[in-house]
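S.K.: For reference, the chains in residue letters:
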Amino acid sequence: MIIGGAIMAVTSLKIFRAAIYLLFSLIGIAGLYFWLNYEFIAAVQIVVYVGGIVVLIIFSIFLTHHSGEDMKAPKIAQSVFAAIAAAAGFALTLTLINRHSFLVGAEKAVEPSVNNIGMQMLSTTEHGYLLPFEVISMLLLASMIGAIVIAIKIKPKA
Amino acid sequence: MLHSKLIALVPLLPLATFLVIGLFGRKYLKNFSGILGTLSLLTAAVISFYTAYEYFFVVGKNAAGVYEQIIAFKYTWLQFSPGMSIDMGIILDPISIMMIVVVTFVSLMVHIYSMGYMHGEERYSTYYAFLSLFTFSMLGLVLASNIFQIYIFWELVGVSSFLLIGFYYDKPSAVAAAKKAFIVTRFADLGFLIGILVLAFYSGTLDFQTLIERFTTNSEYYTAVTAASFMGISALTWGLVLVFIGGAGKSAMFPLHVWLPDAMEGPTPVSALIHAATMVVAGVYLVARLFPVFALSCPPALDVVTYVGLFSSLFAAIIACTQTDIKRVLAYSTMSQIGFMMFALGISGYGGEEGLGYMASMFHLFTHAMFKALLFLGAGAVIHYVHSNEMKDMGGLRKSMPVTHITFLIACLAIAGIPPFAGFFSKEEILAAAFHSNKVVFVVAIITAAITAFYMFRLYFSIFWNKPSYAEASAGEQKVEAHGHDDHAHTDHAHEKHGEGTKTMLLPLILLGLLAIGAGFIPFGHFVSSDGKGLETEFHLMFSLAPVGLALLGILLAMWLYKRANTKPTRISEAVGGIYRAAYRKFYIDEIYLFITKKIIFNVIGKPAAWIDKNIVDGCINLSATLAENFSETLRPMQSGKVQHYAMFFFVGVLGFAVLFIYFWTN
Amino acid sequence: MNEIGLPQILVISVALFFIGVYGFLTRRNMITMLMSIELILNSVNINFIAFNKYLFPGKLDGLFFTVIIITIAAAEAAVAIAIIINLYRKYKSIDVEDANSMKF
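Residue numbers (the working numbering), protein chains in the order written: chain C, 1 to 158; chain H, 1 to 667; chain Z, 1 to 104.
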């Protein structure tokens, strides 16, 4: 589902459909997380990505697109080149993965419960992520302000 | 003991004067620069005289009875290899000391004279700066202990003479003359440089003393240099002949003499300094400096010197008989006398009696400097008085310019070789040396001496006699002539007030005149001789009869033709016809040179070279520029402005690097 | 289906990555390009979680990193939308081919 959704997202010529296919892909990824027993991340994914970003994208489509029209197809040359490049990269990475033998860790698993996550995120000892947490907050603030500044319309003085 | 550090002052004083006057003269010193130059040169002259006194009398001869060469100062400047280096040094030996005495004394006379002659000239201080520069260069030349050092000062002398000849730079003829002098001497210096390189290569040194020693003793250098040969002539001969070519250019020997008559465009005191006494003898000095090598090791080169000198002296004497410009006559006379000096060196042997020619040549150099400078300065006084260089504008001046008249007469008698004036003694020595070694040379020399007497007295009579009196003659012509000088009104009264020239102009004339009389009595042979030992000379009365008699004949002939104005000269010249015309036109040498350069060198060599430069050399540069342009035009579309293109390149690049690092990077 | 182990999940994420790359290079609409970037970021997230689960079960580093990446992706999407809106005002279109005034 993930792959299928992704492929459709990148090739569809109707923009709305592309957005919806992206939505499907993201939900599929959340499902993958659930299956890996990382519920927290799955929840975060759904809330932030699906609920936030895709909605944001759809809003912007409304704002900018003359909806209803189809997008123009890319040039053939361009798409061929891109396909070749992507395929080459894919092949390369696959060979690497196959060759490499991953050592499975044998430690005792830590249960990724919300309690644990919360404790660890805010602790300053080793494996503590307090500093990145704070920095991320700053980043969010900055990006919010930046987005507003970029998109603001300066009203001409009457 | 010899104060060697004092010697260094002799060239350095004029250098300092040059710098001071050159930098500050225009604005601050103006008329004082003349006095400054004269004072500094007076000091230099005093030091030179003192050094000469010390060297010849106090230090005197050493144990072997030889005046030895003293290196007063030596500084290794550029070292090419152990043993071969360009040093800056000062060498003191009989000829160099004689030369510094001559140079400083004549330069001093010229400085004093110029105070009167160049008075009122706008570029007065520049003139004195150039004079000091020239004196410095000449002194450096004669004191050089290293053959490359002499070359450096050689070029400096060329530059200074260029500046002085072209002093009146708004006259195109002066500029052309300066250019010609510089180019001809430069061309000769090419030969000089090649000669230096040949000699330095084979002897492994540039120092005079070492070079002479290596080539005159039977050392490995000598065998090497005589064994190597090019077109059948040994390398030593080539080297010496090439060096002589350089000397011939500076000394105006045939065929490199063309610059000397035109160089008279400079101010007359300059001609006195440069073309009478100092620069033109540089070539003679060079041969004298290398004389041991010439005489002992390479007689063929010495023969070249002899014949070139002999031919030049006869050639110049013939031309001088026909010229009408005072200074041109004197220029050709200089060329002739230097020819005398050259062939005197050429016929000389080395050591003892054989070295008579060497001694005579140096003696003649000394006396010639005195009386030729006197002649030029006197001519300058005459020119200053009549405002013209042509003989036909003069005549009958003996009453108007008494001092000049007497001194000029003394100088003419000296150059003609009449006893007891100085020229008699030096010419006699030369003729004696010629008689003993080469009869052909003797005969030609004696004929040239007779012609010398003739044309000099032609000049004398034309200036000071010929017409009844200058004032009367010019009175009739006043209304005809138009003059540009505002400050000299054309009345007798004004002429008398103007007079012969100021005291500063007359004093050097008198001093030089005295020397022209007295210098002959110096026992020169005691001091200067080819190997440093003294040389006794004696006079055979019978021997001297022939030359003196011929000289007197020449004088009488000149008197007959020129003492009173008559038509005999014109009738003779018309009768001789073609020869007269050819001599008057200086035997067309200038025209030949012009033809060669314009038609042949310019068209055959110059034009193709210019074509190559414009089309091929420039074409290569243009081609590379065009290539760069085309290349960049092809690269330009890569910057398309489209993000996706950039992303594509970026991605492909990353892939490529990944592949490279993973598979091909062997660490 | 055989055991779903680490390599299989990695294959999925790699495939997702390269699909996103293809989409980025090919799409003409700026917003769809943004969507492709989201795909790429998600593939990276999958990678982190997978490695965390299989190779380092004792630590939670991958998890935290994933959280951080999601956060950053959100912020970046917001800024990107702002830029796109600005570009739309200038060029009256969100076709990337039209925003090429930075060419030679």
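Hints were generated in silico from the structure; no laboratory data involved. A portion of the hints provided could be inaccurate.
When the alpha-carbon atoms are kept at most 27 Å apart in a straight line, the in silico DSS-like pairs for lysine-lysine are as follows [claimed, not checked]:
#, chain 1, residue 1, chain 2, residue 2
1, H, Lys642, H, Lys179
2, C, Lys75, Z, Lys92
3, H, Lys599, H, Lys179
4, H, Lys586, H, Lys179
5, Z, Lys90, H, Lys642
6, H, Lys598, H, Lys614
7, Z, Lys90, C, Lys75
8, H, Lys171, H, Lys598
9, H, Lys568, H, Lys586
10, H, Lys586, H, Lys171
11, H, Lys599, H, Lys586
12, Z, Lys90, C, Lys14
13, C, Lys153, Z, Lys59
14, C, Lys14, Z, Lys59
15, H, Lys27, H, Lys171
16, H, Lys399, H, Lys607
17, H, Lys74, H, Lys5
18, H, Lys568, H, Lys179
19, C, Lys75, C, Lys153
20, H, Lys586, H, Lys598
21, H, Lys607, H, Lys586
22, H, Lys586, H, Lys563
23, H, Lys399, H, Lys598
24, H, Lys642, C, Lys75
25, H, Lys642, Z, Lys92
26, C, Lys153, Z, Lys92
27, C, Lys14, H, Lys642
28, H, Lys171, H, Lys30
29, H, Lys642, C, Lys153
S.K.: Now, for every hint given, state plainly whether the structure supports it.
M.R.: Status of the hints after comparison with the structure:
Between Lys642/H and Lys179/H the alpha-carbon distance is near 67 Å, which puts this suggested pair outside the 27 Å criterion. Straight-line distance between C-alpha atoms of Lys75/C and Lys92/Z comes to about 21 Å, which keeps the hinted pair within the 27 Å bound. A hinted pair counts as satisfied when its Cα atoms are at most 27 Å apart, and Lys599/H with Lys179/H qualifies at roughly 20 Å. The suggested pairing of Lys586/H with Lys179/H holds, with an alpha-carbon distance near 20 Å, which does not exceed 27 Å.
For the suggested pair Lys90/Z and Lys642/H, the alpha carbons sit about 16 Å apart, so the restraint of at most 27 Å is met. Note on Lys598/H and Lys614/H: the hinted pairing holds, with a Cα-Cα distance of about 21 Å set against a maximum of 27 Å. Of the pairs offered as hints, the one joining Lys90/Z and Lys75/C holds, with about 24 Å between alpha carbons and a cut-off of 27 Å not exceeded. The hinted pair formed by Lys171/H and Lys598/H meets the criterion: a straight-line CA distance of about 23 Å does not exceed 27 Å.
Our distance criterion of 27 Å between C-alpha atoms is met by Lys568/H and Lys586/H, whose separation comes to about 22 Å. Between Lys586/H and Lys171/H, the direct Cα distance comes to roughly 23 Å. Compliance with the 27 Å bound is thereby established for this hinted pair. Proximity of Lys599/H to Lys586/H is assessed by CA-CA distance (about 21 Å); at most 27 Å being required, the pair is judged to hold. Proximity of Lys90/Z to Lys14/C is assessed by CA-CA distance (about 24 Å); at most 27 Å being required, the pair is judged to hold.
In summary, the hint linking Lys153/C to Lys59/Z is not supported, as the alpha carbons are separated by about 47 Å, beyond the 27 Å threshold. For the proposed pair Lys14/C and Lys59/Z, the alpha carbon gap of about 43 Å is over 27 Å, so the pair is violated. For the suggested pair Lys27/H and Lys171/H, the alpha carbons sit about 25 Å apart, so the restraint of at most 27 Å is met. Between the alpha carbons of Lys399/H and Lys607/H the distance comes to roughly 59 Å, so the proposed pair goes past 27 Å and is violated.
For the given pair, Lys74/H sits about 11 Å from Lys5/H by alpha-carbon distance, which is consistent with the 27 Å threshold. Restraint check for Lys568/H and Lys179/H: the C-alpha separation of about 39 Å exceeds 27 Å, so the hint is violated. Restraint check for Lys75/C and Lys153/C: the C-alpha separation of about 34 Å exceeds 27 Å, so the hint is violated. Straight-line distance between C-alpha atoms of Lys586/H and Lys598/H comes to about 20 Å, which keeps the hinted pair within the 27 Å bound.
Pair hint Lys607/H plus Lys586/H does not hold up; C-alpha atoms about 30 Å apart against a cutoff of 27 Å. Taking the CA atoms of Lys586/H and Lys563/H, the gap is about 25 Å. The hint holds against a cut of 27 Å. For the hint linking Lys399/H to Lys598/H, the alpha-carbon distance of about 49 Å lies beyond 27 Å, and the restraint is violated. Proximity of Lys642/H to Lys75/C is assessed by CA-CA distance (about 13 Å); at most 27 Å being required, the pair is judged to hold.
About 17 Å separates the Cα atoms of Lys642/H and Lys92/Z, which keeps this hinted pair within 27 Å; it holds. At roughly 15 Å between alpha-carbon atoms, Lys153/C and Lys92/Z fall within 27 Å of each other, so this suggested pair holds. Distance check on the hinted pair: Lys14/C and Lys642/H sit about 22 Å apart at the alpha-carbon level, within 27 Å; holds. Straight-line distance between C-alpha atoms of Lys171/H and Lys30/H comes to about 23 Å, which keeps the hinted pair within the 27 Å bound.
Between Lys642/H and Lys153/C the CA atoms are separated by roughly 26 Å; this keeps the pair inside 27 Å, and the hint holds.
Consistency with the previously given hints fails for numbers 1, 13, 14, 16, 18, 19, 21, 23, ordered from lowest to highest.
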